[in-house]
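Enquirer: These are the residues of each chain, in order.
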Amino acid sequence: MFWGSRKTINMNYFPDEVLEHVFDFITSHKDRNSVSLVCKSWYKIEKYSRQRVFLGNCYSISPERLIARFPGLKSLTLKGKPHFADFNLVPDDWGGFLYPWIKAMGKSRIGLEELKLKRMVVSDESLELLSKSFPNFKSLVLVSCEGFTTDGLAAIAANCRFLRELDLQENEVEDHRGHWLSCFPESCTSLVSLNFACLKGEINLASLERLVTRSPNLKSLRLNRAVPFDTLQRLLIRAPQLVDLGTGSYVNDPSSEAYKKFKAAIQSCNSIRSLSGFLEVAPRCMSAIYPICENLTFLNLSYAAGLQSNELTKLIQHCRKLQRLWILDCIGDKGLGVVASACKELQELRVFPSDPFDAGNAAVTEEGLVLVSAGCPKLNSLLYFCQRMTNAALITVAKNCTNFIRFRLCILDPIKPDPVTNQPLDEGFGAIVRSCKGLKRLSLSGLLTDQVFYYIGMYAKKLEMLSIAFAGDSDKGMLYVLNGCKKLRKLEIRDCPFGDAALLEDMGKYETMRSLWMSTCEVTLGACKMLAKKMPNLNIEIINENEQTESNLDDNQKVDKMYLYRTLVGHREDAPEFVWLL
Amino acid sequence: MASEKDLNLEATELRLGLPGTSDESAKNQMSATPRSNKRALPEESMSSNATASKNCDQETTPHTKAQVVGWPPIRSYRKNNLQPKKSEAEPSGIYVKVSMDGAPYLRKIDLKVFKGYTELLKALEDMFKFKAGEYSEREGYNGSEFVPTYEDKYGDWMLVGDVPWEMFTNSCKKLRIMKGSEARGLGCVV
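From first to last, the protein sequence lines are chains E and S. Counting with numbering that gives the first Met the number 0, you get residues 0 to 581 for the letters of the first sequence. Counting with numbering that gives the first Met the number 0, you get residues 0 to 189 for the letters of the second sequence.
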């Protein structure tokens, strides 16, 4: 301590190593960014000690600059395509390629150990290069990616000698049959997490069993549809220490030997806290898992199309400690009532539509949501696809649950008003933003006027991400949001009457945000050009899938799709023909 | 663009819909995404062929509409992997055999075309020329000569109308229009 005549401690008297040790305790990206801004010496120390980097937009910086900035990088998270790419609004070759990053890091002295990717295009070539460039590579997590085949996975299996985690979530993978699993050498015993549920093809079952047997640290295992019930049972005997299990095919005859053995095996799996899969399911076999239900904290039945509401509720009644539930809407309002009475610890609920294109048949309505909000006071995260919603219900939900961080409501008919009063849903969503002061993410649907945006701008002070579709009446709507939501980072808008005046009113705002997406709105090419001219730190991309070339379009023409994002490196070099960089 | 207006190509334009139908609604059928302030949104439907043959007096949305691109907002992966069974049913419907006691041959109907029990019963009544009577939860089809029943996927014979419609269409394997006298065991009073 350096008290005496000074009133404050001067941290510069500490040697670098001490500061570095202190910085080790600062893990959040935001905080570390702030630390690096304090002074030059802190910047330097933080720079060399930073190991984990998160890039929400892979085009905001180049691989070379990242490597120069953080030479000690060990763990990288990259996100590529804009969120609306998930819903087919972005053409396939738009961008988000992994290869340049692997190439650059491979050439440098970066000792990459962890890579997490979302909505990126990942080629087999890049996976192979990855597997050969980083001897200490430990963890690969791919979410909603595409462009690779099981050959790329084979390279990872074969070459990453210390691999702990291979986690594939909802990727489109071309399957070249199951030999990739056999590529894990006999010497590989380090696996902690293996998730290949999204693979469609056959798997070498014997290889899988051997792999699981020689992986004593395996905690998370999620199988694909091709893994039959028999194998599941044998795997459980080998891995009773599992914490997270995703079944493959769950189809069997309750009177069979395999089923009896399964029931015995699962009894010893005392550590399972998370359960998913059931990609094919025989309802009569569900009772075998009741014994592990009481310890479950996460249950994902959102792909279990074969389970009816009564089977679902019978299962859920056993899950008293459940914190997160992902389910299909065939559970129905009454079923959600059972959830409300059984799952008092529930924090996150996602209800997906079992029949996305038939709005009339969605089995959940506002009633189910109200029941859950009344019974589950800890609820803070919601994704709810439903047939209808009322203002009264939303107001009740807002009263019951003030802790929402994420509130995503999707009424399948996107401009449906309150069916009881025939009014827009402005008041209902207004109640949500007024009541949930910590709300960070909001998705709207239903009939909505500018009024809802007035409320959002007024009350949603912590809002970071907003998704809007078929809503609003005029530019005022968008302006309320841009002016009021000081923490806004991502704004995505489709099919709304927002135009140039709204886009251009506060151009500096976009430098405080990660990105803005606007499609089928009233924005013209001329306005986009002006924005590009005035704001050199923004990339304005126009995605135009028609055959018209740039010269044919005049400035008064409305653009179909515009995506803008802040960047330190200007135009990207890899944009395809149909993307115009202004 | 300006030259097209001068030539009045509209008059000779080939498009679906009866002459005299409003241009806007025809445009709404064709485009997947609306642009006007009023958000005249085409509703989702199964059919990708939009025809306005039935309702020509349209101010409001036309009879069959195109699906909206990217709506509902569900990841393609989830959409593609969710219902392998249903995606087979979509194009061909859910066809079940219908037999009636005393009739010489069976019929087949597509359950998909009906929105609920009322429509189904009306169609059955028309097809076989009978009256099913009023359904009540307590007494089934009280006072009718014929009672609609169905075999579910577990092989049990059930009274039509007890379970929610969607549960019914998912589990119904065949229909049988039973003579009222035989249906006593199912809780009917004749």
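Please keep in mind that the hints were generated in silico from the structure rather than gathered at the bench. You may find that some hints are simply not true.
Said to hold, decoys possible - Okay, derived cross-link-like pairs now, BS3-like style, lysine-lysine, Cα gap no bigger than 25 Å in a straight line:
| # | chain 1 | residue 1 | chain 2 | residue 2 |
| --- | --- | --- | --- | --- |
| 1 | E | Lys333 | S | Lys114 |
| 2 | E | Lys115 | S | Lys114 |
| 3 | E | Lys313 | S | Lys152 |
| 4 | E | Lys117 | S | Lys78 |
Just so we're clear, the structure is a prediction, and the values are computed from it rather than from any experiment.
Enquirer: Now look at each hint and say whether the structure bears it out.
Expert: Hint-by-hint comparison with the structure:
Using a Cα cut-off of 25 Å, the hinted pair E:Lys333 and S:Lys114 holds, with the two alpha carbons roughly 21 Å apart. Straight-line distance between C-alpha atoms of E:Lys115 and S:Lys114 comes to about 46 Å, which puts the hinted pair past the 25 Å bound. For the suggested pair E:Lys313 and S:Lys152, the alpha carbons sit about 20 Å apart, so the restraint of at most 25 Å is met. Distance hint between E:Lys117 and S:Lys78 is fulfilled; the C-alpha atoms sit about 18 Å from each other, no more than 25 Å.
The structure shown violates just one earlier hint, number 2.
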